[in-house]
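Top to bottom, those sequences are chains A and B. Numbering-wise (the numbering used here), the first sequence opens with residue 10 and increments by one. Numbering-wise (the numbering used here), the second sequence opens with residue 117 and increments by one.
To be clear, the hints were calculated from the coordinates, so they are not data collected in a lab. Keep in mind that a hint or two might mislead.
Here are the in silico distance ranges between beta carbons for each label pair [claimed, not checked]:
#1 B/Glu218 - A/Pro35: 48 to 56 Å
#2 B/Trp198 - A/Arg91: 27 to 35 Å
#3 B/Ser204 - A/Asp87: 37 to 45 Å
#4 B/Glu168 - A/Glu160: 19 to 27 Å
Owing to the predicted nature of the structure, the values given are computational and were not obtained by experimental measurement. A virtual CB, placed ideally from N, CA and C, is assigned to each residue, including glycine.
Here is how the chains run, residue by residue.
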Amino acid sequence: MEIATLAKETLSTPTQVYQVFIRSTPEHIWEAITDPEFTTKYFHGSRVELKLVAGSEYLSTSPDRSEVWVEGEVLEVDPPKRLVHTWLARYDAETAAEEPSRVTWEIEDRGDGMCLLTVVHDQLEGAPKTAQSVSGQGWMYVLSGLKTLLETGDPLPAFSQ
Amino acid sequence: MGDDAVFRALADPSRRHLLDRLFERDGRTLVELTEDLEMTRFGVMKHLQVLEDAGLVVSRKEGRRKLHYLNPVPIQQIHDRWIDKYRSRHASALAELQQDLEGG
Chain A
10 MEIATLAKET LSTPTQVYQV FIRSTPEHIW EAITDPEFTT KYFHGSRVEL KLVAGSEYLS
70 TSPDRSEVWV EGEVLEVDPP KRLVHTWLAR YDAETAAEEP SRVTWEIEDR GDGMCLLTVV
130 HDQLEGAPKT AQSVSGQGWM YVLSGLKTLL ETGDPLPAFS Q
Chain B
117 MGDDAVFRAL ADPSRRHLLD RLFERDGRTL VELTEDLEMT RFGVMKHLQV LEDAGLVVSR
177 KEGRRKLHYL NPVPIQQIHD RWIDKYRSRH ASALAELQQD LEGG
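Build out the structure end to end from the sequences listed, making use of the hints.
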């Protein structure tokens, strides 16, 4: 009984949720998420390119576009509130062999110039290596960097050129 | 969601314990979180609310269930603001001391 419970707990790769308050407008946050010139400054240096149409490609590359880091498909677009896309991490052979997972961005205007940004990374059941790789510092660094960039105009030190 | 709310939330051992439980396994219901605890469900609920107000826990509906997730971002922010800063000052003071001693 106990072993069964333990196995179940170990096998299930849960959803990851990250939330941060940002002193900015929903439009600015949306731009920062969807514009490659912005993403290079906070998203581990990656250029994120996507068309705002469900069914189109989501592509994250190295700054010089020579390597694909993450690829996916845009599932839902509702500017400047909600973006959903799949996530297949190509930056590592092990994660590249996994099933695609899903990332949801939600921007909520809380008034007084504050927005609440939520990132949900789920459908990770077929992607345990990806789950491990984005947890901890992964998404947290992206969100901290995005907050700092939008609030101060400057990227976090690691990404300033 | 200020530093005060985060420090206040972290100041209670039961709440730190709840965070540890979510760290072990994220996305739990109130019932799951109450299991094996000596706290009442009401007590857990109250503590979860304080954690949610501080932004340390985020709850999301999944079907009929309300799942609780650990949000590590406020702890990272506390770290950046209150730990990194003093640690780097301390480190640079030591480096200067070493320079002074070796230079002199």
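Okay, the hints, checked on the actual structure:
1. In this structure the hint that B/Glu218 and A/Pro35 lie 48 to 56 Å apart at CB holds, the actual value being about 54 Å.
2. B/Trp198 and A/Arg91 have their C-beta atoms about 33 Å apart, which keeps the hinted 27 to 35 Å range intact.
3. Look at B/Ser204 against A/Asp87: about 41 Å separates their beta carbons, and that is inside 37 to 45 Å.
4. A C-beta distance of roughly 23 Å is found between B/Glu168 and A/Glu160, which places it inside the suggested range of 19 to 27 Å.
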